[in-house]
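Counting in this note's numbering, the sequence shown runs from 105 upward without gaps.
Mixed in with the good hints there might be a few duds.
As the list claims (entries may be wrong) - Using 30 Å as the maximum straight-line C-alpha spacing, the simulated DSS-like pairs for lysine-lysine come out as follows:
| id | residue 1 | residue 2 |
| --- | --- | --- |
| 1 | Lys607 | Lys578 |
| 2 | Lys539 | Lys565 |
| 3 | Lys539 | Lys607 |
| 4 | Lys360 | Lys221 |
| 5 | Lys496 | Lys364 |
| 6 | Lys118 | Lys148 |
| 7 | Lys148 | Lys364 |
| 8 | Lys115 | Lys221 |
| 9 | Lys360 | Lys539 |
| 10 | Lys656 | Lys565 |
| 11 | Lys360 | Lys565 |
| 12 | Lys496 | Lys539 |
| 13 | Lys620 | Lys578 |
| 14 | Lys257 | Lys173 |
| 15 | Lys665 | Lys620 |
| 16 | Lys588 | Lys539 |
| 17 | Lys221 | Lys505 |
| 18 | Lys565 | Lys364 |
| 19 | Lys330 | Lys173 |
| 20 | Lys364 | Lys300 |
| 21 | Lys115 | Lys148 |
Worth flagging that the hints you see were computed from the coordinates, not collected in a lab.
Bear in mind the structure is a predicted one, so any value in this text is a computation, not a measurement.
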Amino acid sequence: MIGKILAGHYKVIKALGSGGFGQTYVAEDTHRPGNPQCVVKHLKPASSSPQVLQTARRLFNSEAQVLEKLGTNDQIPRLLAYFEEDGEFYLVQEFIDGHTLTSEIAPGQRWSETQVKAMLEDVLGILEFVHAQGVIHRDIKPDNIMRRASDNKLVLIDFGAIKEVGNQGLPQSGQVSNTVVIGTPGYMPTEQGRGKPRPSSDIYSLGMVAIQAVTGIYPQQLREDKNTGEIIWQSQAEISPDLAAVLTEMTRYHFKDRYKTAREVLDALSGGYQPTKVSGLPADVPVPEPTLVQQPIPTPQPPTRQKGGKLPLLVGIGVALLLCAGGGFAYVQAENARQQQQIAEEQAEEQRQQQIAEEQRQQQIAEEQRQQQIAEERRYRLARERQNQLGKQKLAQARQKAESERFLEAISLAQEVPSDSNSYQAAQTAIELWKRDLRDRRQAEAEAERRPSISPEEFVKTYYANINFGDYRKAWDMLSPRLKNDSESHPEGYSSYLDWWTKVKRVNVIDSQTIKVNSHAIVETDLQYFLRSGREIDQTLRFSLSVDATGKNWYLDRTEKVR
105 MIGKILAGHY KVIKALGSGG FGQTYVAEDT HRPGNPQCVV KHLKPASSSP
155 QVLQTARRLF NSEAQVLEKL GTNDQIPRLL AYFEEDGEFY LVQEFIDGHT
205 LTSEIAPGQR WSETQVKAML EDVLGILEFV HAQGVIHRDI KPDNIMRRAS
255 DNKLVLIDFG AIKEVGNQGL PQSGQVSNTV VIGTPGYMPT EQGRGKPRPS
305 SDIYSLGMVA IQAVTGIYPQ QLREDKNTGE IIWQSQAEIS PDLAAVLTEM
355 TRYHFKDRYK TAREVLDALS GGYQPTKVSG LPADVPVPEP TLVQQPIPTP
405 QPPTRQKGGK LPLLVGIGVA LLLCAGGGFA YVQAENARQQ QQIAEEQAEE
455 QRQQQIAEEQ RQQQIAEEQR QQQIAEERRY RLARERQNQL GKQKLAQARQ
505 KAESERFLEA ISLAQEVPSD SNSYQAAQTA IELWKRDLRD RRQAEAEAER
555 RPSISPEEFV KTYYANINFG DYRKAWDMLS PRLKNDSESH PEGYSSYLDW
605 WTKVKRVNVI DSQTIKVNSH AIVETDLQYF LRSGREIDQT LRFSLSVDAT
655 GKNWYLDRTE KVR
């Protein structure tokens with residue numbers, strides 16, 4: 105195949121890999137300037153019979169139409185062409201120059217919250233478009249998310265998983281099954297493992313990629329809650345509660361508890377959507393595979409723009425159908441028509457009996473799955489009820505402690521409220537409130553310890569008592585250094601201070617009232633001065649007091665005349 109030219113201008117230059125029913129190559133488009141590279145997927149039917157080729161051609165063309173619908177999105181590889189050559193089928197897709205997220209999400213290294221949110225918003229935008237086309241990716245993982253080198257944008261690749269589809273069997277009737285189990289352990293939710301994927305299955309897978317990024321741990325290595333099946337990961341990450349809540353809801357064990365659409369997750373990331381709780385039936389339902397039986401057979405034409413999509417899935421199913429249909433047909437010869445007719449009737453009856461047996465077996469499997477789902481839902485409901493009851497009990501105990509101002513004990517109890525209980529958000533709000541109350545109380549206690557033992561009013565009265573007793577030096581020492589050195593109040597220092605107070609015979613403190621007190625105090629005092637000259641003066645002064653370096657004594661820092 106290397107060196108071969110397909111459709112007259114795609115020159116194969118290198119093999120990339122192989123799936124269950126085909127090979128993937130890198131080729132050059134020799135008809136375009138610069139011979140740009142592209143990816144060629146080669147699908148070869150196992151039989152060349154007309155019936156087999158007709159069925160494969162119908163599946164091939166139908167799936168190409170699905171890829172055409174996806175082709176308007178810039179973050180899905182374009183389908184450049186699709187064609188049939190010598191009874192074999194080829195897809196030509198855009199070559200993405202870049203690397204997968206597997207090389208960015210290294211074990212033991214955690215992404216920042218900003219990186220994770222940017223990744224989620226980028227991929228969710230792609231998923232919103234894909235789901236709107238009636239398509240489910242089914243295999244979202246770091247290997248299938250590429251970072252394009254040209255613009256650093258993320259590109260979603262590999263919509264098909266050909267190998268996994270190719271390994272699926274077909275019923276005896278020859279009809280293609282509606283669903284097949286595709287996915288990667290660790291990233292695949294339970295309903296997808298049962299062959300019933302939904303749009304929220306892709307949301308689960310993307311959530312697991314994000315959890316791997318914020319924890320640095322592979323999904324398979326994370327523990328599960330044995331009662332609920334929920335992934336236990338929060339303690340391994342350092343992210344905000346808001347982002348943790350979004351990732352938790354993206355990866356809920358049961359699809360009914362997850363976000364239903366990519367838009368809901370985007371709204372939650374931007375703060376416009378609150379995570380929903382379980383209530384009634386889910387809004388999302390499995391997106392059906394494209395109907396194949398009634399599709400017309402179009403003439404293959406190379407498209408101008410197309411993204412990589414689910415083509416490998418349906419082509420894989422189609423090729424599997426070809427393998428089943430390829431043997432067991434014989435044609436009647438003219439000379440033994442009667443004998444061949446009898447053989448055909450016996451074969452038809454045998455197939456009918458096999459079909460009946462298969463239908464009964466499928467019905468039995470469906471009933472067992474239904475009973476298993478009922479049991480799982482009951483276990484989940486009981487586990488949620490236990491978590492809710494435990495959360496309610498812990499929060500009530502915490503509030504009792506808080507009422508007694510035992511805030512540390514209250515916070516400890518509130519932190520034991522399970523994150524998936526109905527009381528969790530109320531507990532988180534209460535914890536923040538109690539932490540604030542605890543800080544306020546400690547601050548008040550610290551300020552009380554630094555406050556002098558004497559009240560501001562007593563300080564003012566003591567100051568004037570020293571004046572009245574003539575102990576001017578002691579009164580002078582009750583002034584702050586700043587006031588002592590104030591050139592306007594005391595131009596000559598202590599001598600100026602003494603010059604004034606020796607003219608005063610006595611000072612009466614009529615009333616003193618504290619206006620404010622913390623590390624500083626403001627005291628408003630009504631005074632009556634009796635001067636030695638016989639004059640009397642009534643004044644109201646506002647004193648500003650400060651605490652000295654020891655925190656044990658007041659200083660008179662400033663005076664202001666009120667009236």
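* Can you give the numbers of the hints that this structure goes against, from lowest to highest? -> 2, 3, 7, 8, 9, 11, 16, 17, 18 and 19
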